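Protein chains in written order, with this note's numbering: chain A, 1 to 461; chain B, 1 to 443.
Rather than coming from a laboratory, the hints here were simulated on the basis of the structure.
These numbers come from a predicted model, not from an experiment.
Watch out, some of these pointers could steer you wrong.
Taking lysine to aspartate or glutamate pairs in the EDC-like style, the calculated list, with each CA pair at most 16 Å apart, reads [stated by the list, open to error]:
#1 82(B) / 408(A)
#2 76(A) / 191(B)
#3 302(B) / 278(B)
#4 428(B) / 73(A)
#5 82(B) / 152(B)
#6 428(B) / 72(A)
#7 76(A) / 431(B)
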Amino acid sequence: MRRSAYLLPVAASLLLALCPATAATRPRYGGTLRVELSTSTASLDPAQQSAFPTSVQEQLAALLFDGLVARDEYAKLRPGLAASWQHDPDYRRWLFHLQSGVLLHNGEPLRPHLVVMSLAASNPNWQVRLQGDDVVIESSSPVPNLLAELACARNSIVVHTEAGAVVGTGPFRVSTWEAGKRLVLTANDDYWGGRPFLDSIEITMGRSQRDQALDLQLGRADVVEVPPDQVRRAQQEGQRVAVSAPTELIALAFSDQPSVKEPTLREAISLSIDRSAIQSTLLQKQGEAAGGLLPQWVSGYAFLFPVTASVERARQLRRDLGATPSLTVAYDWNDPLGRAIAERVSVNAKDADIAIQTYGENLSARAGNADARLVRVPLASNDAAAALAALSVAAGHQSVTPTNSPEELYASERALRNDFRLLPIAYVPQAWALGARVHDWVTPREGGWRLSEVWLEGDKP
Amino acid sequence: MNLNSGERVTLQGGVQQLPLDVIRGWLRVRYYNPSLLRDLRFRMPPRSQRVFLLLPLVLIVALASPSTAQQWDVPAREMAEKIVARAQSRSGLSLTVKNISSLPSARVAEVERALESELRRRGVSLAGPEQALEQVRVTLSENTAGYLWVAEVGHDETWDVVMVQTPLAAAAAQSPAALMLRRTLLWSQAEPMLDVIASGNGDLIVLGRDSLSLYRMQERKWQLAATASLAHSRPWPRDLRGRLAIQADGTVHAYLPGVQCAGATLPQLSLACKESDDPWPLSPEVNAFFSSRRNFFTGAVKLARSSEAGDLGPFYSAAMFAQGEHGFWIVAFTTGSARLINAQGQAVTTFTNWGSDLAGIASDCGSGWQLLATRAGDNTLPDSLAAYEIVNREAVEAGVPLEFGGPITAMWSAAEGRSATVIARNRKSGEYEAFSVSAACGR
Numbered sequence: 001m002r003r004s005a006y007l008l009p010v011a012a013s014l015l016l017a018l019c020p021a022t023a024a025t026r027p028r029y030g031g032t033l034r035v036e037l038s039t040s041t042a043s044l045d046p047a048q049q050s051a052f053p054t055s056v057q058e059q060l061a062a063l064l065f066d067g068l069v070a071r072d073e074y075a076k077l078r079p080g081l082a083a084s085w086q087h088d089p090d091y092r093r094w095l096f097h098l099q100s101g102v103l104l105h106n107g108e109p110l111r112p113h114l115v116v117m118s119l120a121a122s123n124p125n126w127q128v129r130l131q132g133d134d135v136v137i138e139s140s141s142p143v144p145n146l147l148a149e150l151a152c153a154r155n156s157i158v159v160h161t162e163a164g165a166v167v168g169t170g171p172f173r174v175s176t177w178e179a180g181k182r183l184v185l186t187a188n189d190d191y192w193g194g195r196p197f198l199d200s201i202e203i204t205m206g207r208s209q210r211d212q213a214l215d216l217q218l219g220r221a222d223v224v225e226v227p228p229d230q231v232r233r234a235q236q237e238g239q240r241v242a243v244s245a246p247t248e249l250i251a252l253a254f255s256d257q258p259s260v261k262e263p264t265l266r267e268a269i270s271l272s273i274d275r276s277a278i279q280s281t282l283l284q285k286q287g288e289a290a291g292g293l294l295p296q297w298v299s300g301y302a303f304l305f306p307v308t309a310s311v312e313r314a315r316q317l318r319r320d321l322g323a324t325p326s327l328t329v330a331y332d333w334n335d336p337l338g339r340a341i342a343e344r345v346s347v348n349a350k351d352a353d354i355a356i357q358t359y360g361e362n363l364s365a366r367a368g369n370a371d372a373r374l375v376r377v378p379l380a381s382n383d384a385a386a387a388l389a390a391l392s393v394a395a396g397h398q399s400v401t402p403t404n405s406p407e408e409l410y411a412s413e414r415a416l417r418n419d420f421r422l423l424p425i426a427y428v429p430q431a432w433a434l435g436a437r438v439h440d441w442v443t444p445r446e447g448g449w450r451l452s453e454v455w456l457e458g459d460k461p
Numbered sequence: 001m002n003l004n005s006g007e008r009v010t011l012q013g014g015v016q017q018l019p020l021d022v023i024r025g026w027l028r029v030r031y032y033n034p035s036l037l038r039d040l041r042f043r044m045p046p047r048s049q050r051v052f053l054l055l056p057l058v059l060i061v062a063l064a065s066p067s068t069a070q071q072w073d074v075p076a077r078e079m080a081e082k083i084v085a086r087a088q089s090r091s092g093l094s095l096t097v098k099n100i101s102s103l104p105s106a107r108v109a110e111v112e113r114a115l116e117s118e119l120r121r122r123g124v125s126l127a128g129p130e131q132a133l134e135q136v137r138v139t140l141s142e143n144t145a146g147y148l149w150v151a152e153v154g155h156d157e158t159w160d161v162v163m164v165q166t167p168l169a170a171a172a173a174q175s176p177a178a179l180m181l182r183r184t185l186l187w188s189q190a191e192p193m194l195d196v197i198a199s200g201n202g203d204l205i206v207l208g209r210d211s212l213s214l215y216r217m218q219e220r221k222w223q224l225a226a227t228a229s230l231a232h233s234r235p236w237p238r239d240l241r242g243r244l245a246i247q248a249d250g251t252v253h254a255y256l257p258g259v260q261c262a263g264a265t266l267p268q269l270s271l272a273c274k275e276s277d278d279p280w281p282l283s284p285e286v287n288a289f290f291s292s293r294r295n296f297f298t299g300a301v302k303l304a305r306s307s308e309a310g311d312l313g314p315f316y317s318a319a320m321f322a323q324g325e326h327g328f329w330i331v332a333f334t335t336g337s338a339r340l341i342n343a344q345g346q347a348v349t350t351f352t353n354w355g356s357d358l359a360g361i362a363s364d365c366g367s368g369w370q371l372l373a374t375r376a377g378d379n380t381l382p383d384s385l386a387a388y389e390i391v392n393r394e395a396v397e398a399g400v401p402l403e404f405g406g407p408i409t410a411m412w413s414a415a416e417g418r419s420a421t422v423i424a425r426n427r428k429s430g431e432y433e434a435f436s437v438s439a440a441c442g443r
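Sequences are here, hints too, so could you generate the full structure?
As structure tokens, this is what we get:
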């Protein structure tokens, strides 16, 4: 009895010592974050992105590169590679003073002329030049929202070395790159914004959603995708799911094929699509039906665009056109949800006497000759004007006039939408299932990753 | 376990060793009596003066607090002008207001009244929907820039759309609850803050990531008097930490990872920074070395007035705690657990559900000392600050925790010992807010 009484506190103290460390508020350094994705990208160079960059491309760009201006998790604009800036009264001429001491991943200093070259390459319409060590951007028309534009991934500062490599200044550097399959990133110890907490990130691409779910369950992955239609189920099963605001536009993007050259045909297809039904059934009420090109939370006026089908009107337009060929719509063969939506669009179109055949293809390769593709376009910015400008360029239009007036923006969006080259169907959120050891995962409202802030539970402080 | 002077102690976990003399040195008798804290070398204005200093700040906050229905006057006027410009006539207009924004329903009525009033002021006679010749459908929407009011003016298939953008209303003021812990807002700003301290002459000193700012009370407002940059050759670590201290001679010291700055606030702000791995003050008598590239103390500690040193193992924070004749240190280690170390240098208890930041404060109630501990959890979640009494080596929660709208990013015991400076990030506004937290103990 006496022996037992003695042993009890000893055992208790041992148990205390063996207890796994609990989550602490303050982040800890170390560890490898394992991320799995269903999509893939063939290049890490933002300049080689397709017309409609995928979320993955934008997320990888944010890890490897910086822009002159950045957004924090509250979507507020903050200094990035530019420490400060000023502009003339009519927003035509902007001057950026660069941070000092910023190093590229190859150890070379980031010199101002490299910034000029990068921005000039990604924005042929801008006049970008050096003024001493400062960078000047000039435009023939006022650009009041230039800062929001510069915070977009496509304006990341990318340096091409003589050897043909692409280097940046971002929080992580490339350690291993197997194009389209696997990417290993290591922490940039000299990052000007502070070394990330993670030692490395291992990203596996092209993994099916089923395999991702299994790997998370078996502890072989820390972060996996959750398709919008699976979000509710994952939450009900008790998984840790991080969900953004609706930030990815699912849309039908028409090609330049003669078969879809007639705007009235495109309008008829648009009128035939029952977006509300797609959102409530196929998307399991996640996200929002999209009548406009920008989501409601960004524009504030998206509710003005109708989302219900007008089949009678679509039929009328179709009759007015006379004979039309059967059309083809391609979807990403690795995207089951995309397939379901494409097939629903085909069924809707049939109700308006328009024949559409659907098929899967590798959309990232863009090899096919489909009349239209079902694309997923990430929101480029939470600034409505910058986001619309990016969509406009992607859809093959001239950039919309930058404006801070919601009425002018609404007019621009209406004009862009009424061209019917890009038919919005739905806005869906980005969702991720997280393993137990992942901490401080922040899902900004506008989507994307903030992996510099993430840390892992582990032994190493 | 009894140890002789000079022997080293192995704490639970087996890696932390500390000479007994160092631990005993931490717990000198002068700290056992809270009243002796007034003798500490940090200077603060008398309590009455401190209250006076904070009063204008409170007034400023009150003046900037959420407005009444007057907030809608300007956007309502603008919207009414646009509606009248698009309407066919000023008679027979029906007005409907629908809210799809985050605006509380109680405030929607204010908007509606403001709109009706502005329309009538422009000679518009409003009619019911059945009698109306033209309709005005106003939707109170919201976008990333704030509230967006959208009015559709017209009838049947002919509609014009006009819009007015207006900033988001300030959050409703929270009603003060009876709390054992009391907080006073010292300062808030959009940029990160590492520490905030009041100088001996009533100025407010704010330590940011790249600069130290001096604010002076002028015309009942804190005005930026001067800023000094914090020179550093290497990038700061992520989760940057820093601490301010004012010495008896009035000099200001800023401690940052691998960098220390010293200067004066009078006659004007001056600051000189140098690369330094010298230890930071944990308490007036104990210093601890901070990692130059990480967010924690390395574990090496030494007495301020002697060369005695020891190694605890990496930790985030440590709080001194005294109770009658007994003294303790509670240390939040980087392993995620906090441990109570007694006067004999023994780790006698492990606490596993606290966050990384601890601070000790003295008060006039209970045992005279309370431990403040943040809540364990991610930075993505709201945080809270709980007070504990140590009873029989166990932590007993005292009173109601203080809730914060975001993570507590820094907490340091204030120099006068009766409060802690707490910096939290408001998840709603994104602002960093510095508070002085003290134990009101029900009074």
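| query | Which of the listed hints are not met by the structure? | reply | The structure breaks none of the hints.
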